[in-house]
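Taken in sequence, the protein lines are chains C and U.
Just so we're aligned: the first sequence equals residues 130 to 779 in this note's numbering.
Just so we're aligned: the second sequence equals residues 8 to 88 in this note's numbering.
These are calculated hints, taken from the structure and not from any lab test.
Backbone N, C-alpha and C define an ideal beta-carbon position, used for all residues, glycine too.
Mixed in with the good hints there might be a few duds.
[Said to hold, decoys possible] What follows is a list of derived Cβ distance ranges for each label pair:
hint: 1; chain 1: U; residue 1: 78; chain 2: C; residue 2: 728; range: 28 to 34 Å
hint: 2; chain 1: U; residue 1: 78; chain 2: C; residue 2: 715; range: 45 to 51 Å
hint: 3; chain 1: C; residue 1: 755; chain 2: U; residue 2: 78; range: 54 to 60 Å
hint: 4; chain 1: C; residue 1: 626; chain 2: U; residue 2: 33; range: 45 to 51 Å
hint: 5; chain 1: C; residue 1: 765; chain 2: U; residue 2: 13; range: 30 to 36 Å
hint: 6; chain 1: U; residue 1: 13; chain 2: C; residue 2: 524; range: 32 to 38 Å
hint: 7; chain 1: U; residue 1: 31; chain 2: C; residue 2: 626; range: 27 to 33 Å
hint: 8; chain 1: U; residue 1: 51; chain 2: C; residue 2: 450; range: 35 to 41 Å
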Amino acid sequence: MGIRDRVARLLSELPKEPQYPAQGRTLFVDLETRDVQSAYTPRRILETLLSGRGANMFYLYRLLDESLFPLHPDIPLIFGSGVLTGIVPSAARGNCTSWAPESGVILDSNCGDYFPSFLRMNGIDHLVLYGRSTQWSLMIIREGEVEWRDAAPYVGLDNIDMRDRIAADLGGVWTRDMSMVNVTRAGENGVLTAGIMGGPKAIYARGGTGAKMASLRLKAIVTLGHTHEFPTPHPYKPYNRQIAQKLLATSVVKHALSRMGTPFLYRPSRLLGAMGTKNNQETTWTDALDAEHIDPYRPGMEGCFRCPVNCRPRNDLHRDPSDRYGRGDGPEYVTLGKFGPNLGIDDVEAVIRLNNICNDLGFDTASTGSAIGWALELFQRGIITTTHTRGLELRWGDPELVEKLLFMTAEREGFGAVLAEGTRAVERGHYPSEALKYRMAVKGLMQSDPHDARILKAFALGLAVATRGMDHLRNRVTLEINAKINDDPAFKEQLYGGPVSAAPNSYVDKELAVRRCENIYAVGDSVGMCRFTTKLFNSPSLPGLEEFSAQIANVTGFSLTPEELDHVGLNVMGVERMINHRLGVTRKDDTLPDRWFDEPNRHGAYKGERIDRAEFDALLSRFYRISNLTEEGIPIDSWRRELEATMNAD
Amino acid sequence: MPISVRLPAMLGGEVVAITERVETIDQLVAALGRARPELTGHLQDTIFNFAVNDEMLLHDVARRPLQDGDVVEIVPAISGG
């Protein structure tokens with residue numbers, strides 16, 4: 130059955146009327162024929178998975194043909210905004226979902242800025258895109274209606290020029306009445322570490338989103354239209370004010386995020402001896418990249434739609450205005466780590482400049498920085514030579530070399546064509562199989578976070594079981610580095626639903642903490658809340674299931690208790706694992722890079738720490754048991770049948 | 008020798024010398040609160056953690072022994088993306 134038949138069958142089952150007044154449509158867009166059909170996500174799905182990431186998984190589950198391949202035009206690319214996106218402060222997020230061309234497992238990426246909120250302002254909750262356009266296309270959503278333009282004039286443009294040209298050609302104003310998601314040259318060239326840009330820096334990053342969107346010959350989606358309030362069964366603004374006050378009163382927001390953004394984490398990570406350095410061969414690096422050294426280059430902060438936090442730092446290197454990379458947005462902690470210690474670079478200006486280049490070229494900085502770090506180590510070890518690199522000498526700590534590699538990768542030029550394959554460089558025959566020993570990836574996805582998790586066992590488990598691959602944003606038990614919480618057992622038990630060992634390097638009960646975080650983060654993604662401002666990621670005091678429950682009731686009229694929402698988070702993970710299982714994922718894929726099992730940490734108070742294989746295996750089994758998963762990591766039969774019935778019901 | 012306490016930028020960024028005798032982090036926090044009363048509330052805030060001589064403390068902090076000449080740092084701990 131082809132995608133059009135699958136869509137037709139699904140459409141015949143979906144409601145034609147909204148399930149609550151503020152619900153937006155799901156548009157099914159055939160890019161080849163430009164046929165657009167619409168329906169609404171059914172209430173049973175909303176109550177089981179919510180919207181955003183959750184309902185995206187419903188659509189992928191129903192439309193995926195796993196006999197094809199990720200870049201086949203019959204494999205849909207799905208954008209979805211959360212139930213509260215654009216309505217609640219700091220809920221400005223949406224997800225992009227498909228079958229990942231880089232990892233081979235689910236593609237699911239979350240992004241903020243303005244597009245997810247403005248999509249909702251246009252009365253659209255989900256966009257299901259399939260078919261390959263006969264020519265490069267620009268999709269415009271104007272006041273809820275879809276228009277098309279020939280995108281040929283925009284092909285070859287990277288992010289800075291693309292945003293300038295679109296603003297000039299369409300006459301909208303960014304952040305006021307216009308937003309966009311777009312691919313860059315790297316995406317057009319099928320680079321597997323390219324993302325879909327959602328703003329000057331915001332990006333749907335992981336798994337090869339850019340290559341997927343470009344494979345459909347869709348250069349960009351632009352929304353145009355004015356913002357408005359939403360009709361709701363109950364007033365939501367009074368509770369919004371409480372949420373905003375709670376956000377702004379939380380010390381992590383007040384003291385760190387609003388002032389400097391996320392680079393703060395660099396210092397504790399390096400002091401701990403857990404800063405991934407030179408592709409995780411080492412775990413500490415210079416203090417020259419501590420957040421305070423970025424201060425002179427930060428003229429101000431920006432934020433996403435109606436977010437009071439404004440955690441995105443702008444940067445200005447005070448260079449000649451003609452240098453297009455002398456200013457920009459960021460860097461975040463991930464980029465600082467991946468392009469600093471990970472590549473042996475200790476110059477803060479160099480890291481900021483590389484960050485700005487990545488934002489223009491549309492690179493997922495986690496995957497791209499990791500791919501370069503992997504290559505540098507392989508060259509250091511003699512596993513690859515100048516024969517592989519076509520004459521390039523790969524050296525640690527060489528920003529000029531890295532800059533050159535970024536542009537070569539975007540164009541798939543020379544050795545850049547190898548880096549463009551990301552984690553797949555061995556499979557595609559560019560590196561010998563020995564190289565896999567040094568690849569810092571799980572389920573075919575490079576690690577998102579520069580933090581080396583040999584010490585923190587909850588973090589390590591989370592990276593192993595994350596459904597999209599090695600990524601901290603799915604379930605990181607961040608508060609494991611917080612001694613004040615570790616030393617308050619009663620409070621810690623309350624946060625994670627059971628006693629969890631105070632020792633960060635202990636394996637005891639860590640499955641409880643990962644399970645609790647995975648649930649609340651999946652709910653956060655499905656209502657559209659930013660991870661930075663969701664309870665348990667950065668603070669125990671931020672909005673969580675209680676606040677989501679109250680505001681879901683106000684906005685939709687649905688009653689979902691915090692306990693029921695916790696189960697919704699579990700459901701989202703369950704469906705993702707069912708999809709992954711169809712793609713061949715089993716227990717053996719819920720693991721970690723060999724290095725963390727085999728090589729002890731060599732720095733700091735936790736010198737000698739590594740992951741013990743037997744302890745990890747037991748921890749994984751305990752995690753499966755409390756997650757209603759079989760020993761192979763898929764939902765147990767009774768729960769699987771329940772989820773299947775929900776996904777397939779008429 | 009006094010114990011030096013390095014404050015993060017958002018708490019002023021300076022180094023405070025604690026000259027009264029303290030033997031643990033708990034005692035240091037109390038002494039710091041006496042020396043700088045305006046910090047008392049912040050010192051209980053979960054975001055602020057401690058490092059001693061460039062070693063991050065992740066648990067069992069209150070009874071962590073200190074010695075003359077130690078350098079204690081108050082480190083804000085958050086995550087990133």
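Determine whether the Cβ-Cβ distance between residue 31 of chain U and residue 626 of chain C falls within the hinted range of 27 to 33 Å. 32 Å, holds
Determine whether the Cβ-Cβ distance between residue 765 of chain C and residue 13 of chain U falls within the hinted range of 30 to 36 Å. Given a distance of about 51 Å, which is not inside 30 to 36 Å, the answer is violated.
Could you check the hint for me, namely that residue 78 of chain U and residue 728 of chain C are 28 to 34 Å apart, CB to CB? Check passed, 30 Å falls within 28 to 34 Å.
Does the hinted range 32 to 38 Å hold for residue 13 of chain U and residue 524 of chain C at CB? 34 Å, holds
Lying within 54 to 60 Å: is that true of the beta-carbon distance residue 755 of chain C to residue 78 of chain U? Roughly 42 Å apart at Cβ, these two residues miss the hinted range, so it is violated.
State, for the Cβ atoms of residue 78 of chain U and residue 715 of chain C, whether the hinted interval 45 to 51 Å holds or is violated. Holds: the Cβ-Cβ distance is about 49 Å, inside 45 to 51 Å.
For the hint 35 to 41 Å, verify it against the beta carbon of residue 51 of chain U and that of residue 450 of chain C. 47 Å, violated
Just tell me: holds or violated, for the beta carbon distance of residue 626 of chain C and residue 33 of chain U against 45 to 51 Å? 29 Å Cβ-Cβ, so the 45 to 51 Å window is violated.
In the structure shown, a violation is registered for the earlier hints numbered 3, 4, 5, 8, in ascending order.
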